[in-house]
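Here is how the chains run, residue by residue.
Number of protein chains: 2
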Amino acid sequence: MATIQDVAKRAGLSRTTVSRVINEHPYVTEEKKRLVTRAMQELNYVPNSSARRLRRQQTETIAVYVPRITNPFFSHLVEVMGKEAAKKGYQLILCQTRYKKEHERSFLELLKTKQVDGLILTSIENDWSKLEPYLSFGPIVVCNEYSDSAQVPSVYLNQIEGSYLGTKHLIDQGYTKIGYCTGNHKSSRVSKDRKIGFLKALSDAGIPMKEEWFFYNAYSVQDGFAAFKELKKLDDPPQAVFTGSDEVAAGIAKAAFDAGWRVPEDLAIIGFDNQPLAELMDLTTIEQPIDTIARQAMKLMVEAIQAKKPLKRKEVILPFQLIKRSST
Amino acid sequence: MATIQDVAKRAGLSRTTVSRVINEHPYVTEEKKRLVTRAMQELNYVPNSSARRLRRQQTETIAVYVPRITNPFFSHLVEVMGKEAAKKGYQLILCQTRYKKEHERSFLELLKTKQVDGLILTSIENDWSKLEPYLSFGPIVVCNEYSDSAQVPSVYLNQIEGSYLGTKHLIDQGYTKIGYCTGNHKSSRVSKDRKIGFLKALSDAGIPMKEEWFFYNAYSVQDGFAAFKELKKLDDPPQAVFTGSDEVAAGIAKAAFDAGWRVPEDLAIIGFDNQPLAELMDLTTIEQPIDTIARQAMKLMVEAIQAKKPLKRKEVILPFQLIKRSST
DNA sequence: CGAATTCATGAAATCGTTTTCATAATCAGA
DNA sequence: TCTGATTATGAAAACGATTTCATGAATTCG
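Read top to bottom, the protein sequences are chains A and B. For the first sequence, our numbering begins at 44 and goes up steadily by one. For the second sequence, our numbering begins at 44 and goes up steadily by one.
Think of the hints as simulated: they come from the structure by calculation, not from any bench. The beta carbon of each residue, even a glycine, is placed where N, CA and C say it ideally should be. Be aware that a few hints might be false.
[Unchecked claim] Computed list of lysine-lysine pairs in DSSO-like fashion (alpha-carbon distance at most 27 Å, straight line): (1) A:Lys155 <-> B:Lys155; (2) B:Lys143 <-> B:Lys173; (3) A:Lys131 <-> B:Lys143; (4) A:Lys126 <-> B:Lys126.
[Said to hold, decoys possible] Listing some non-contacts, in silico: residues in chain A with all C-beta distances to chain B over 10 Å: (5) Leu56; (6) Asn66; (7) Trp171; (8) Ser172; (9) Gln194; (10) Ile203; (11) Pro251; (12) Phe257; (13) Glu273; (14) Gln282; (15) Ile360.
Work out the full structure, taking the sequences as your base and the hints as a guide.
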């Protein structure tokens with residue numbers, strides 16, 4: 044492998060000048076520039092990024108935390124972030140926390156050991172107090188998930204409004220017995236807020252809720268199947284169900300259909316995210332502007348890295364949209 | 044940020060000894076080991092990975108190329124690879140080529156500039172001759188996609204067999220007018236082989252094909268909708284259709300259903316991949332052992348990196364499985 | 001014309017590790 | 001007790017870039 048020294052020798056110049064050409068510094072004559080460029084080509088030279096990283100103290104790499112990349116919501120988020128990052132000359136390191144505190148923490152070392160310039164968190168497993176100390180090693184941007192105590196920029200949606208919107212829609216359609224089927228992850232602010240919004244919509248309308256209409260730990264299509272199985276057994280089942288994702292909604296819809304129930308006559312269902320699957324299954328759902336979230340978060344991150352200023356708390360709150368289809 | 048020098052000073056020892064403790068070299072007394080460990084803790088020291096990379100000439104990072112991470116087939120692949128990589132102490136850099144030659148090429152620089160130890164390609168856009176030269180910079184493993192000329196390990200499935208299996212199934216069910224709806228990407232060996240297998244199954248059974256029953260450039264649910272629209276217009280439409288993905292199959296099934304067609308009576312449909320969506324829509328499909336592919340590819344990659352021997356051509360060919368559901 | 005800028009280049013320091021080499025101390029065997 | 005291996009440690013080189021500093025040439029300005 045050719046080094047900058049080899050190029051310098053071949054061009055009959057110093058390392059410094061070669062470096063200047065590479066980094067487009069001023070004060071290099073056209074003639075030397077040509078000499079250097081030619082030498083680089085002849086030697087098939089490329090700067091060694093480890094050396095550059097060490098000297099520059101930056102890596103041009105950003106870590107993105109997601110629970111699991113197979114979750115379409117997160118893969119969509121990552122797709123857009125990857126595109127944006129590439130545009131701005133950054134690489135993306137993918138960190139799957141798999142909903143585990145330990146995994147999340149283990150990836151934090153990336154920032155500490157200077158393997159990445161910053162962290163984008165799309166989910167938070169640990170208490171913020173556990174993450175906070177890492178801020179001294181580089182910027183962190185939170186996106187989708189959020190935390191009141193986090194003194195960093197966050198791009199998110201007001202999930203209270205989102206679930207309120209969806210629940211209100213069910214109420215407006217005339218349903219009064221409404222179930223709730225979500226992940227309900229303890230450490231997740233998103234989960235908590237969705238529940239708050241749901242309950243608020245009910246109480247605003249003076250509609251009662253029933254403990255047995257709550258189904259938790261539902262993330263996948265399979266979980267939707269299971270939830271319907273429970274629901275079906277009830278003496279007094281809900282007429283409609285609010286879910287935390289299109290997968291869960293689709294699972295319930297499919298299971299209901301297989302059991303001979305009609306949607307929405309026997310059971311109305313509302314999903315969340317507006318994934319391709321929701322269109323396929325004709326599910327009413329609540330759309331989150333994933334592209335915008337991703338782009339905003341990446342923009343904030345790059346700004347933070349380049350400004351090298353300490354990050355301040357800052358909230359970018361984006362709107363939801365209800366997509367009405369035939370399942371409600 | 045504390046450096047190894049600071050630790051050495053605090054412990055009253057040399058950099059060398061500290062380095063030995065960090066890297067668990069022999070010949071350090073327990074006493075000094077304690078001294079060093081304590082100093083590291085007190086200073087909250089972590090080795091700087093850029094420096095280590097530079098000196099060691101390796102990055103403990105692997106690049107994975109996928110067309111788009113939102114494609115569930117690829118996100119599943121990446122999920123498993125990420126898990127395996129983490130287990131073995133490697134990071135994953137995600138490279139989305141977006142089906143573009145230029146993007147694919149631009150990411151190749153990662154290997155050249157020593158930002159990653161190796162490349163796993165799950166799709167190939169450029170001719171192998173364009174990629175070949177990069178082998179001198181580090182190992183490349185091909186996975187899912189394959190190329191006859193590539194002198195590297197490949198983990199893949201014999202797509203001729205896969206599509207033959209699916210098509211044969213349609214024929215066995217009694218269908219004689221069979222359509223074909225896939226991506227048909229020119230540079231993709233997978234595409235080519237699927238078509239070969241499809242045609243072979245037809246010709247083995249003495250069944251004719253018709254040019255107007257071929258639909259190309261179909262990747263998404265939307266493309267499935269469009270394909271059905273075309274299909275519906277035909278005077279003599281096929282009775283069954285072989286597709287290249289569950290998304291496309293689902294799109295066709297949905298469009299058919301919306302148009303009042305019955306599946307499979309009016310149109311039988313077979314998908315590919317066995318994604319959750321296939322179960323939801325009750326689609327017969329062909330399952331690819333994604334977990335195994337991913338694990339095998341990652342295993343080969345790590346071996347290649349650690350052996351530091353030049354890679355040889357090697358083929359790992361895995362079996363398909365037909366999942367029969369109600370769409371055929 | 002002399003002084004002050006601006007332009008152009010290179011030598012050497014620097015980034016923070018790991019590795020090689022040298023050296024001293026300890027231990028085992030004859 | 002001497003020899004040779006083994007254990008334990010540190011000084012210095014190496015990894016390959018960028019950046020600082022110094023210096024000389026060319027240009028501008030009063």
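Hint by hint, here is what the structure shows:
1. Note on A:Lys155 and B:Lys155: the hinted pairing holds, with a Cα-Cα distance of about 26 Å set against a maximum of 27 Å.
2. At roughly 14 Å between alpha-carbon atoms, B:Lys143 and B:Lys173 fall within 27 Å of each other, so this suggested pair holds.
3. Proposed proximity of A:Lys131 and B:Lys143 is supported: the alpha carbons are some 18 Å apart, at most 27 Å.
4. With a CA separation close to 23 Å, the supplied pair A:Lys126 and B:Lys126 stays within the 27 Å bound.
5. With 10 Å as the threshold on Cβ separation, the claim that A:Leu56 sits away from chain B holds: the shortest Cβ distance comes to roughly 22 Å.
6. No Cβ of chain B approaches the Cβ of A:Asn66 within 10 Å, the least distance being about 14 Å, so the stated non-interface status holds.
7. Remark: the non-interface label on A:Trp171 is consistent with the geometry, its nearest Cβ contact in chain B lying 19 Å away (cut-off 10 Å).
8. No Cβ of chain B comes within 10 Å of the Cβ of A:Ser172; the nearest lies about 17 Å off, and the non-interface call holds.
9. Distance check on A:Gln194: its Cβ is at least 20 Å (rounded) from any Cβ of chain B, clearing the 10 Å threshold; non-interface status holds.
10. Separation of A:Ile203 from chain B is adequate, the least Cβ-Cβ distance of about 28 Å exceeding the 10 Å criterion.
11. Residue-level check passed: A:Pro251 sits 32 Å from the nearest beta carbon of chain B, beyond 10 Å.
12. With a minimum CB-CB distance of about 24 Å to chain B, A:Phe257 clears the 10 Å threshold, and the non-interface call stands.
13. The beta carbon of A:Glu273 is kept farther than 10 Å from every beta carbon of chain B, the shortest such distance being approximately 19 Å.
14. With a least beta-carbon separation of about 23 Å from chain B, A:Gln282 lies farther than 10 Å from that chain, consistent with its non-interface assignment.
15. Annotated as non-interface, A:Ile360 keeps its C-beta farther than 10 Å from every C-beta of chain B; the closest such distance is 25 Å.
Comparing the model with each earlier hint shows no violations; every hint is respected.
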